[in-house]
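J.: Given next are the chains, with one letter for each unit.
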Amino acid sequence: MADRKRKRDPAGDGAKAEEEKGSRDGKEKKRTLLPSLIKNKVKRMAVHAKVKREKRIDKKKKKAKARADAHKRALELGEEPPPVSIPRTIENTREPDETVCKPDDEELFVGNDADEFSNILKQERIPKILITTCRFNSSRGPAFIQELLSVIPNAHYFKRGTYELKKIVEYANNKEFTSIIVVHTNRREPDALLLINLSDGPTAHFKLSKLVLRKDIKNHGNPTSHKPELVLNNFTTRLGHRVGRLIQSLFPQDPYFRGRRVVTFHNQRDFIFFRHHRYVFESKETKVDSNDAKAKSAKGKNLTQTKMIARLQECGPRFTLKLISLQHGTFDSKGGEFEWVHKPEMDTSRRRFFL
Amino acid sequence: MPRTTTVECPGCPPLRALTTDVLGLVKVVEVREKVGMPKVVETWGPPDASRSVVAASLADRKTNPLLAVARKNGLVEFLNPLNGNSLATVKVKDSVSSSNSTEDEPVAGLHLLGMKGTKPSSKLNKFLMCTTKGKACLRSVTVGDASPGSSLVDSPITWNVCGAGSVLCSSVDGNENFALFGGKGVEVNVWDLEKCSKTWTAKSPPSNSLGIFSPTWFTAATFLSKEDHRKIAAGTNNHQVRLYDISAQRRPVLSINFRESPVKVVTEDLDGYTVYIGTGCGDLASFDMRTGKLLGCFVGKCSGSIRSIARHPRLPIIASCGLDSYLRFWDTKTRQLLSAVFLKQHLTSVVLDTHFSAEEIESADQPSDLQANDHSEVENEEELPPKIRSKISRKKAHNKNKADKISREAQYDEMSNDNERTTIDSTDDDDDDVLPATTKRRKSLGGNEKPPKHKKSKKSIG
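Those sequence lines, one after another, are chains F and Y. Yeah, the first sequence ends on 355 if you go by UniProt numbering, and it's all consecutive. Yeah, the second sequence ends on 462 if you go by UniProt numbering, and it's all consecutive.
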């Protein structure tokens, strides 16, 4: 009952307000010219756009006011405030997926222990990365690689030369590298990334887009050489889990926390966003709010409060990855077996995600 | 609400499939209803990566069925496919390798023989095994219920299939007289199993018009029909499907290119000319090997390499599984996805237990008359849809689906009836054998009188 009443009341108020506003608008409209009466097209469009914009802002305000009123009323009546409505997004209306990993799945953990990354993730082996490029590489490619080298500890750049990738895999295996990163550039712009987990791990092929280098980021910082912390967000399904572990195996598993350097891989709608930050904890002195100050004015006038805040500074490249295929075994374009390939027939719904 | 398109899977007739995966688990998937969704019923074995299954074979008999799995750690294990009990274990090493080699050789192919045998002996089971290095071995194992320990009756017959290269695929023909092997650097060769002698070897096709010779690399091969050992369908790593005819020539009679990823599995149909092929990037297609024409692709959301395909001997159904860890059932005629079940691990092989039908379970639970009533209800429903359809257009699709489902049900029912008739005939023979109680089918618990009675009641209605 109470709920219904509450709902109805603001609606009524809103309606009244609308009526008033409507009458006022009507008066205004009589005074001003209707946009449709303007003969000049450019002018008409401009006026129309203005009117439309005002209407939109009005509507937003009204909504916010109604919400605030409802909240206030609920507080006055001593009821619980109405629940904050959660906007419906594509992510939270995602198609149900049976492959999403569950925390109570025993098979998952045994599978994890047995997979190709486990010896790195258990710190039995220290990751050692070989970075190379496609055959022709210039301008943004080398710059990107330089930044990657600063992001990933224990990474070594090797010139591609004219070697085949299979030969490079063989070489890296002999030199006890744990993974290979190949940056593929097209028209002097990096556009694909190949991650190969070595000895016999999977090979992931990503599309790389929206690359912003360090010097193009405003107020960027310069990264330190500490081992970074790693944040992997939203890798939920089996495939996502596997890709997440593949990415995790590029970084050392013992971050130096006092270095305060974070590398983030954030998955959203199958796009993996890469960010690289430095952070700092600062104690910030803030003046106590005026209301409180009145209450405490007896004690002292210049009362300040210290608050710990974290500040972020972005450094290093910024890019977006999208998984194209995950291949079983090391790179083999001809005879490879795929664990997952993106096929056009999968794209029948916007709400289906694979990672 | 957001509009989401969900493709409704029509569902399968009663089925029982066993899958093996990289963690060494054997999972049993069953469909119990007349037309229903498959569910994982049982999981056998502890998950352990070293016990990863490399090859599996099922002796699909009415009585005393046997499942053999070759594991990564060099063991061949024999299981009872009804309850998962381990019956015997054999080491690959002491049967295949000669004295001095120490390391395990991975098994490339494993085939249980004695499917076709006139009288399936309960104790002795012959099997053919082949390692990747080309050592084939024919031996038998006694399967006892009491102890999992193995006792071998005869010394294994061992021979070398190839000198160099690695064997990747092998197959045994329907009469179990011949076996074929092929692999990387190994041309398809046929062996007589009785004499253990090579009877035929293929010859690689000539280099093409540009003078480019493609190296031999067979990834899958099978005999085209059960009766005839002379026709062989093979798939190569450079995405070709080939047909060899032993009686005609040594080079392939027919060679078809299919897309751009290696053929990983080739499975023959019952009709003797259709083959189903699965590729490394998840394409599943069927070919008519008489003409070399692509009959059609099985389109679904299949995204990982296909490792194994199994054809049901009576129902028009194939099961496929692979690295995307789904087991999928397809209709062979319409090439429609009937249902898919997620099994969590990379699957290595699937076998179908064909002597399973849902009625076995139902008949054990409830009297057969009740079931007959059910059937009549279904028939009544069949007449209903047109009326509703005229009323509401929105429900049309749904009803159509239902009607479709019902017709499908009826179709499968007919088939399973046929199936029953044949199986009933065979039970009389089987009862003479002395069997260990545990290996008896569940059906025998229900009694032998029931199924015929049930059938009669159905007839009286129809």
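Any given hint could turn out to be false.
Stated by the list, open to error - Cut-off 30 Å, straight-line C-alpha distance, at most; resulting in silico cross-link-like pairs (DSSO-like, lysine-lysine):
(1) F:Lys-159 / F:Lys-102
(2) Y:Lys-195 / Y:Lys-226
(3) F:Lys-322 / F:Lys-122
(4) F:Lys-343 / Y:Lys-184
(5) F:Lys-343 / Y:Lys-91
(6) Y:Lys-184 / F:Lys-175
(7) Y:Lys-195 / Y:Lys-126
(8) F:Lys-175 / F:Lys-334
(9) Y:Lys-133 / F:Lys-334
(10) Y:Lys-195 / Y:Lys-91
(11) F:Lys-334 / Y:Lys-91
(12) F:Lys-334 / Y:Lys-72
(13) F:Lys-102 / F:Lys-166
(14) Y:Lys-72 / F:Lys-122
(15) Y:Lys-72 / F:Lys-102
(16) F:Lys-334 / F:Lys-166
(17) Y:Lys-72 / F:Lys-175
(18) F:Lys-334 / F:Lys-227
(19) F:Lys-166 / Y:Lys-184
(20) F:Lys-167 / F:Lys-215
(21) Y:Lys-126 / F:Lys-334
(22) F:Lys-167 / Y:Lys-184
(23) F:Lys-343 / Y:Lys-203
(24) F:Lys-166 / Y:Lys-72
(25) Y:Lys-301 / Y:Lys-39
(26) F:Lys-322 / Y:Lys-301
(27) Y:Lys-133 / F:Lys-166
(28) F:Lys-166 / F:Lys-122
(29) F:Lys-334 / Y:Lys-293
(30) F:Lys-343 / Y:Lys-39
(31) F:Lys-210 / F:Lys-122
(32) Y:Lys-226 / F:Lys-175
(33) Y:Lys-195 / F:Lys-128
(34) F:Lys-122 / F:Lys-55
(35) Y:Lys-293 / F:Lys-343
(36) F:Lys-167 / Y:Lys-72
Bear in mind the hints are in silico, worked out from the structure with no lab data behind them. Predicted, not measured: the structure shown is a model, and the values here were computed from it.
J.: Against this structure, judge whether each hint is valid.
T.: Structure-based check of all given hints:
At most 30 Å may separate the alpha-carbon atoms for a hinted pair to count; Lys-159 (chain F) and Lys-102 (chain F) exceed this at roughly 42 Å. About 20 Å separates the Cα atoms of Lys-195 (chain Y) and Lys-226 (chain Y), which keeps this hinted pair within 30 Å; it holds. Pair hint Lys-322 (chain F) plus Lys-122 (chain F) holds up; C-alpha atoms about 27 Å apart against a cutoff of 30 Å. Between Lys-343 (chain F) and Lys-184 (chain Y), the direct Cα distance comes to roughly 29 Å. Compliance with the 30 Å bound is thereby established for this hinted pair.
At roughly 42 Å between alpha-carbon atoms, Lys-343 (chain F) and Lys-91 (chain Y) are farther apart than 30 Å, so this suggested pair is violated. Between Lys-184 (chain Y) and Lys-175 (chain F), the direct Cα distance comes to roughly 28 Å. Compliance with the 30 Å bound is thereby established for this hinted pair. Under the criterion of a C-alpha separation no larger than 30 Å, the hint pairing Lys-195 (chain Y) with Lys-126 (chain Y) is consistent with the structure, at around 15 Å. The hinted pair formed by Lys-175 (chain F) and Lys-334 (chain F) meets the criterion: a straight-line CA distance of about 25 Å does not exceed 30 Å.
For the proposed pair Lys-133 (chain Y) and Lys-334 (chain F), the alpha carbon gap of about 23 Å is at most 30 Å, so the pair holds. Between the alpha carbons of Lys-195 (chain Y) and Lys-91 (chain Y) the distance comes to roughly 24 Å, so the proposed pair stays at or under 30 Å and holds. Between Lys-334 (chain F) and Lys-91 (chain Y) the CA atoms are separated by roughly 35 Å; this puts the pair beyond 30 Å, and the hint is violated. At roughly 26 Å between alpha-carbon atoms, Lys-334 (chain F) and Lys-72 (chain Y) fall within 30 Å of each other, so this suggested pair holds.
Note on Lys-102 (chain F) and Lys-166 (chain F): the hinted pairing is violated, with a Cα-Cα distance of about 37 Å set against a maximum of 30 Å. Pair hint Lys-72 (chain Y) plus Lys-122 (chain F) holds up; C-alpha atoms about 23 Å apart against a cutoff of 30 Å. Between the alpha carbons of Lys-72 (chain Y) and Lys-102 (chain F) the distance comes to roughly 28 Å, so the proposed pair stays at or under 30 Å and holds. At most 30 Å may separate the alpha-carbon atoms for a hinted pair to count; Lys-334 (chain F) and Lys-166 (chain F) meet this at roughly 11 Å.
Of the supplied pair hints, the one linking Lys-72 (chain Y) and Lys-175 (chain F) holds, its CA atoms being roughly 27 Å apart against a limit of 30 Å. As the CA atoms of Lys-334 (chain F) and Lys-227 (chain F) are separated by approximately 37 Å, the hinted pair breaks the 30 Å bound. In summary, the hint linking Lys-166 (chain F) to Lys-184 (chain Y) is supported, as the alpha carbons are separated by about 18 Å, within the 30 Å threshold. Annotation: proposed proximity of Lys-167 (chain F) to Lys-215 (chain F) is violated, straight-line Cα distance about 35 Å (limit 30 Å).
Restraint check for Lys-126 (chain Y) and Lys-334 (chain F): not satisfied, since their Cα atoms lie roughly 38 Å apart, outside the 30 Å limit. Restraint check: the Cα-Cα separation between Lys-167 (chain F) and Lys-184 (chain Y) comes to about 20 Å, which is no more than 30 Å; the hinted pair holds. Distance check on the hinted pair: Lys-343 (chain F) and Lys-203 (chain Y) sit about 36 Å apart at the alpha-carbon level, beyond 30 Å; violated. For the suggested pair Lys-166 (chain F) and Lys-72 (chain Y), the alpha carbons sit about 26 Å apart, so the restraint of at most 30 Å is met.
Straight-line distance between C-alpha atoms of Lys-301 (chain Y) and Lys-39 (chain Y) comes to about 19 Å, which keeps the hinted pair within the 30 Å bound. This hinted pair checks out: Lys-322 (chain F) and Lys-301 (chain Y) have alpha carbons roughly 19 Å apart, not beyond 30 Å. Restraint check: the Cα-Cα separation between Lys-133 (chain Y) and Lys-166 (chain F) comes to about 24 Å, which is no more than 30 Å; the hinted pair holds. Of the supplied pair hints, the one linking Lys-166 (chain F) and Lys-122 (chain F) holds, its CA atoms being roughly 28 Å apart against a limit of 30 Å.
Between Lys-334 (chain F) and Lys-293 (chain Y) the alpha-carbon distance is near 24 Å, which keeps this suggested pair within the 30 Å criterion. With a C-alpha separation of about 27 Å, the suggested pairing of Lys-343 (chain F) with Lys-39 (chain Y) holds against the 30 Å cut-off. Between Lys-210 (chain F) and Lys-122 (chain F) the CA atoms are separated by roughly 33 Å; this puts the pair beyond 30 Å, and the hint is violated. Straight-line distance between C-alpha atoms of Lys-226 (chain Y) and Lys-175 (chain F) comes to about 51 Å, which puts the hinted pair past the 30 Å bound.
Distance hint between Lys-195 (chain Y) and Lys-128 (chain F) is unfulfilled; the C-alpha atoms sit about 54 Å from each other, more than 30 Å. At most 30 Å may separate the alpha-carbon atoms for a hinted pair to count; Lys-122 (chain F) and Lys-55 (chain F) exceed this at roughly 59 Å. Straight-line distance between C-alpha atoms of Lys-293 (chain Y) and Lys-343 (chain F) comes to about 24 Å, which keeps the hinted pair within the 30 Å bound. As the CA atoms of Lys-167 (chain F) and Lys-72 (chain Y) are separated by approximately 28 Å, the hinted pair is consistent with the 30 Å bound.
In this structure, the hints that do not hold are numbers 1, 5, 11, 13, 18, 20, 21, 23, 31, 32, 33 and 34, in rising order.
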